[in-house]
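Protein sequences appear in the order of chains A and B. FYI, my numbering numbers position 157 of the first sequence as 149, with every residue one higher than the one before it. Converting from the second sequence to my numbering requires adding 12 to each position, the first position being numbered 1.
Quick caveat, the hints were computed from the structure, so don't treat them as lab data. Quick reminder that beta carbons are idealized off the backbone N, C-alpha and C, glycines included. Heads up, some of the hints might be wrong.
Stated by the list, open to error - Each computed EDC-like pair below joins lysine to aspartate or glutamate, with the alpha-carbon atoms no more than 16 Å apart: (1) B/K448 with B/D372; (2) B/K77 with B/E63; (3) B/K369 with B/E160; (4) A/K164 with B/D372; (5) B/K488 with B/D73; (6) A/K164 with B/D73.
To be verified - Derived Cβ-Cβ restraints for the label pairs, each shown as a range: (7) A/L56 with B/E103: 42 to 52 Å; (8) A/Y52 with B/T110: 33 to 43 Å; (9) B/F414 with A/L91: 44 to 54 Å; (10) A/V178 with B/G478: 40 to 50 Å; (11) A/Y44 with B/G197: 31 to 41 Å.
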Amino acid sequence: MSSLQFDIAHLLAGSLVLASFMMLYQDRLYALLNVYALHAGMLALSVAWQAYVQQAPHLYVTALIALVFKAIIIPVALHRIIKRLGIHREIENVIGIGLTMMAGIGLVALSMVVMLRVTPGADALAREDLAFALSVVLLGLLIMVTRRNAVGQVVGFMSLENGLVLAATGAKGMPLVVEISVAFSVLIAFIVIGIFLFRIRERFDSVDMQALDRFRGERR
Amino acid sequence: MNIDVLSAILVIPAVSAALLAILPGYVQTAKLNVVAALATFLTSLSLFVVEPVSGQYLLVDDLNKVFIVLTTFVSFTTSVFSASYIQHEIEIGRLTPTFLRFYHAMYQTLMFAMNLALVANNIGLMWVAVEVATLTTVLMVGIYRTHEALEAAWKYFILGSVGIALALFGTILVYMAARPVVGEGLDGMVWTVLVKHAARFDPALLNVAFVFLLLGYGTKVGLAPLHAWLPDAHAEGPTPISAVLSGLLLNVALYALLRFKMMLAVNLAAIAPGPLMVTMGLISVIFASLMLYRRRDIKRMFAYSSIEHMGIIVFAFGMGGPLANFAGLLHMTMHSLTKSAIFFAVGHIAQVKGTQKIADIGGLTVTNPVLGWGLMLGVIAIVGLPPLGIFMSEFLVVSSTFSHAPWLTMILVLGIIIALGGLLLRVGSVMFGEPKGPTAPAEASYVPMFTHLALVLMAGIYLPPGLVTGFQNVAKLLG
């Protein structure tokens, strides 16, 4: 692999981590969705580049799924759901942005330390892809735990899932990548339909998860 | 012919799921559901007669035979219970015929997904199957569409999704570890190939992979502190689903974990998965048994008891060795049978009384003696009193692990005793004392419940030698 190919793959995977960081400090739902669309778009580019470098045409399918489904259909659908259900557009964060960013930096450092240390044998691209992918996964978890808002949590989960697709495509020659990305898309579609079907707004008057907590079976 | 048996286990539920989604009329579809589950169970029994050939995608060995037969059997008895349960739900209008059609289709889809996870020889395929099983149960938990049901489904959805996402990351790491040794492509995910070559995998990568797999599939097993979805999902969904969740789905996730444990055991340089599993098992036992004391909802209480028992099972498998594995396997079987029997009883009790609140149920042995004593027998079994099967399996777990790790086993025994106190305390008020609530006789089918309890009682008194040798073979396989 030429160093240019490597650098481009590196750049694309790195920008995915950057987009995850951008999601961390969004405090409006629409802006969060836009950054997510960017995130999915970067994933599509990154996967397409891997397909080209590894000469694995089936990965183009995964890239296409990422582009059409995750970068276009899901954000548009969520936009419409937010409007239809009249969900509050501000996101309430559990902890301040500064602390969240610090935690994010810590998580990225952690994933670098863990992944680079345990994969000295693997080739350079796969190693760094894995390290980036783990960063995106951990940042996705961080987004999920710092949002009180159901839609915010879903977006966090979807970005986490993008990290998994990045890891799967980075593992050269991994079988079933397309099938797995389809299975995940079904999962995400279910979640998004779930928001709509459960009519969280209608039922609970708010998608604030704290409000949901009050309906817990055992709380008096 | 050989392949046919294996694919029939998958095809029967898949086809009946499609049929049940189309056919109207709940009386007939409930019967069809029972027939399909029975057919799958009988097919799975034939696995003992014909030895199917394992391919790159599907696999049958002694280990998953036990799981498959248990799964299909409990699915069958639960479908019988479900038929009488939903009749009542339709009568009181909690479920509409449309939802019921959906419910039956989902039931068979869940059977398909669980069977697929159990026979998958490909770790990617296994992951997809566990994901499908999660999705179907999420939909079924939320089927009543009350505040609580929706919240439980949402919580299960989010936590379950995160769990399976972590499991996928672990799966990818296993492939990364396998690639330099077995080469690129499909072989890198075929479990039989992986086990054969695991000794030469990079141990550091395997270690990290196992941590992700343990956290991911451990969420689905319901190990503390990853159990938060479990009590809500059990309490708010339809009771047949609680029975299937506790009796089967937790086992399926555990099975996935055991497969990876077997792979790690081959690689001597990798961390021993045992201590991690022992720790999580003990935390689950202690935590869940303490939580039993403050339960107000009867289904939630038995959900916590499931966490406790999964803890015991994971503890036994974590300890390893032929004896402890045997005990773990037996305990898993006994727990599946007993806990689903308890949920059968609880389902009918909640229907008769119109509530799940422990405080509003009382004097069951007077008002509904058959149900009341059935539940009492189930509870006596689940807390591990002799002469029932769980006493025997818990005794085996304790006696087989006491010699290596007396202190850890003491903690386990403490947890079991705390749980015994908690369950008997709560159930005592439900069983005896002043009758409370409606006293109408239940229109219940008692056959599934008493079949399970009879099996558990029989296992406590006499284990057939064929079963013992079978379990011993599996225990050796588990290492």
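Each hint, compared with the structure:
no. : hint                           : result
1   : B/K448 with B/D372             : holds, 6 Å
2   : B/K77 with B/E63               : holds, 11 Å
3   : B/K369 with B/E160             : holds, 14 Å
4   : A/K164 with B/D372             : violated, 60 Å
5   : B/K488 with B/D73              : holds, 13 Å
6   : A/K164 with B/D73              : violated, 30 Å
7   : A/L56 with B/E103: 42 to 52 Å  : holds, 50 Å
8   : A/Y52 with B/T110: 33 to 43 Å  : holds, 40 Å
9   : B/F414 with A/L91: 44 to 54 Å  : holds, 47 Å
10  : A/V178 with B/G478: 40 to 50 Å : holds, 42 Å
11  : A/Y44 with B/G197: 31 to 41 Å  : violated, 19 Å
Violated hints, listed in ascending order, are 4, 6 and 11; each of the other numbered hints is respected by the structure.
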